[in-house]
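Peer 1: For the protein sequence lines, the chains are A and B, in the order given. Each residue of the first sequence is one higher than the one before, starting from 1 at the first, in my numbering. Each residue of the second sequence is one higher than the one before, starting from 1 at the first, in my numbering.
Rather than coming from a laboratory, the hints here were simulated on the basis of the structure. Treat the hints with caution; some may be incorrect.
Stated by the list, open to error - Calculated cross-link-like contacts (lysine to aspartate or glutamate; reagent style DMTMM-like; alpha-carbon spacing at most 25 angstroms):
no., chain 1, residue 1, chain 2, residue 2
1, B, K163, B, E44
2, A, K42, B, E172
3, A, K55, B, D84
4, A, K42, A, E10
5, B, K176, A, E36
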Amino acid sequence: MKKRAQILVENVVFIVLNLIFLTILILFIYSKSGGEAVLEEKYSKQIALLIDSAKPGMVIHLNMEDAIEKAKEEWGEDKVSKIVSVKGNIVTVKLREKGENSYSFFNDVDVSVYPDKTNPKTGNVENYIIKINNYNK
Amino acid sequence: MIFKNKTGAEKIMSVYWFVILVLVAGTIVYMVSVFYGNPYDVREIESNILANNIVSCLSENGILNSQINQDNFLKKCHLNLGNDKDEYYVEVKFYSFGNLKQPLDFKIIKGNINLKKPLSLGIVEGNINLKSFFETSASSNSIFESEKSFYVLNEKKEELIVKIISIIRKTEKNVKQ
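So here's chain A without its partners, still in its complex pose:
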């Protein structure tokens, strides 16, 4: 009886250790893929390319739920409206206190960027609105 119980315990420990190992691995991959720096780069380039291919009058709703959640955790709840900014022909995305990512666009347009606060279900900010106003003169 003692030997059987010992075998069972050894197997359980073996399986638990394996599971812990795999969990750590998955958490590492998850943290790497959803890191602030990666999201900043992804969204700054995405927004710059959207602006490049847009025409005046277009209003683009971009879902940035993951980035907004990160910014709330890392930078503060009140900073949601400052995540994306456009100065001249440079888009900047900032999700943390220290660090940001910028990318330039070549389309000579006037752009307004602001968070969309119209989600009736959750009341949370999930989207950003990119409004292409006019060509610069």
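Start from chain A and add chain B according to the hints.
Peer 2: Structure of chain B alone, referenced to chain A:
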């Protein structure tokens, strides 16, 4: 009997098992770090968008916009290369439909000419080829070049082929240094 003590054999197996796990995990960690450590290279998409914007600016319903020239090209096509003007090179050449080997005299060139490949620059650009050669050959992905051609009619209803070469550098933002 090779294994007199079964539990001992199992313990050895589990040690090997963990060695394999560490190897697999190490490989995955390395691959993930390399993958996410490299910036997203969006220059291909960007140069395609640039070429498309130029196409829609030059051609209005299949007719060439004759008001555009070398001087007003950026303004008419609503392009603002801004502080990054050295990161871009745009070349628009016009060919008669019957003679695709010899471009017409009229052409538009904007941006940093050094980004262009040395062979296609030819004799016209003189010593600048040497500079361009060293800059572009140092690293194969230091620039991204795309080429697009389209058919258009001019004001006299003559058939033309327009060839657009767009080159983007932006190495710092798109390639791991």
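Peer 1: Please go over all the hints and tell whether each is borne out by the structure.
Peer 2: Cross-check of the supplied hints:
| no. | hint | verdict |
| --- | --- | --- |
| 1 | B:K163 to B:E44 | 17 angstroms, holds |
| 2 | A:K42 to B:E172 | 15 angstroms, holds |
| 3 | A:K55 to B:D84 | 21 angstroms, holds |
| 4 | A:K42 to A:E10 | 46 angstroms, violated |
| 5 | B:K176 to A:E36 | 18 angstroms, holds |
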